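Could you put together the complete structure from these sequences and hints?
Numbering-wise (my numbering), the sequence shown opens with residue 4 and increments by one.
It should be emphasised that the hints constitute simulated quantities derived from the structure, not laboratory data. No false leads were slipped in.
Listed next, with one range per pair, are the computed distances between beta-carbon atoms: (1) 81 / 209: 22 to 32 Å; (2) 217 / 144: 24 to 34 Å; (3) 199 / 59: 23 to 33 Å; (4) 81 / 113: 40 to 50 Å; (5) 104 / 199: 30 to 40 Å; (6) 64 / 199: 14 to 24 Å; (7) 118 / 207: 46 to 56 Å.
Given the structure is predicted, the values throughout are model-derived calculations rather than measurements. Where is the CB? At the ideal position from N, CA and C, for every residue including glycine.
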Amino acid sequence: MIAFDLDDTLAVTKSPISDEMGALLIKLLDRFEVCIISGGKFEQFKIQVIDRLNASPEQLSKLHIMPTCGTRYYRFDAVENEWKRQYAEDLSAEQKRTIVAVLETEAKRLGLWPEKTWGDIIEDRGSQVTYSALGQLAPPEEKYAWAEKNAAEKLVLREAVAEQLPDLEVRLGGSTSVDITMLGIDKAYGMHKLTETLGVSPDDILFMGDKLQEGGNDYPVKAMGIDCIEVSDWHNTVQILTGILHVL
Numbered sequence: 004m005i006a007f008d009l010d011d012t013l014a015v016t017k018s019p020i021s022d023e024m025g026a027l028l029i030k031l032l033d034r035f036e037v038c039i040i041s042g043g044k045f046e047q048f049k050i051q052v053i054d055r056l057n058a059s060p061e062q063l064s065k066l067h068i069m070p071t072c073g074t075r076y077y078r079f080d081a082v083e084n085e086w087k088r089q090y091a092e093d094l095s096a097e098q099k100r101t102i103v104a105v106l107e108t109e110a111k112r113l114g115l116w117p118e119k120t121w122g123d124i125i126e127d128r129g130s131q132v133t134y135s136a137l138g139q140l141a142p143p144e145e146k147y148a149w150a151e152k153n154a155a156e157k158l159v160l161r162e163a164v165a166e167q168l169p170d171l172e173v174r175l176g177g178s179t180s181v182d183i184t185m186l187g188i189d190k191a192y193g194m195h196k197l198t199e200t201l202g203v204s205p206d207d208i209l210f211m212g213d214k215l216q217e218g219g220n221d222y223p224v225k226a227m228g229i230d231c232i233e234v235s236d237w238h239n240t241v242q243i244l245t246g247i248l249h250v251l
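Right, dumping it as structure tokens:
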């Protein structure tokens with residue numbers, strides 16, 4: 004199996020994958036099981052990846068989609084020709100109300116609640132609540148500029164929220180985001196569930212992501228012993244995948 008983060012690994016943040024990346028993923032699906040695990044909702048995966056793939060039902064049945072950092076898992080049913088949710092570790096309504104209140108209070112206290120945004124700053128993703136400093140639909144260039152300027156402040160926000168929500172998992176997400184899920188659920192949780200479902204060993208998986216350093220949202224996969232390759236952007240991923248396909 005080859006597994007991937009999505010934003011800044013397969014595509015520019017919140018943007019559709021390129022034709023080149025789509026063609027490479029199709030070639031991978033002919034040879035491997037392929038997993039994509041990231042913080043967005045399933046609908047975001049559909050826009051960024053699934054709708055960009057000229058794949059057969061048989062190929063899609065080998066694609067494993069794990070939205071909201073593995074708190075949900077979808078597989079394609081080739082017989083019924085539709086995507087089906089396998090599980091969802093949803094937060095309760097009370098938990099989500101508390102999370103939203105804490106995020107908004109702390110973000111405003113720390114000056115991380117901008118007046119100009121693109122969409123909602125806080126999004127309920129069912130099994131995950133996500134704070135995005137500039138809103139969910141902010142242009143990539145705005146997100147990258149904000150992240151470069153406010154990396155330290157975002158870490159302070161994460162720590163402040165985590166202190167008030169000790170029974171939940173609070174972690175750094177993408178360039179502008181902080182993600183909150185049930186305690187103990189991160190990308191490693193999703194990969195564990197996947198190995199159990201498919202009956203494969205972590206030794207049989209290669210993972211590629213852009214945030215594998217300690218504290219990054221891909222790090223839990225590395226910490227569980229899966230072989231990982233850190234990439235700088237989707238262009239770097241294309242180079243590596245082209246090399247892998249050439250030698251196999």
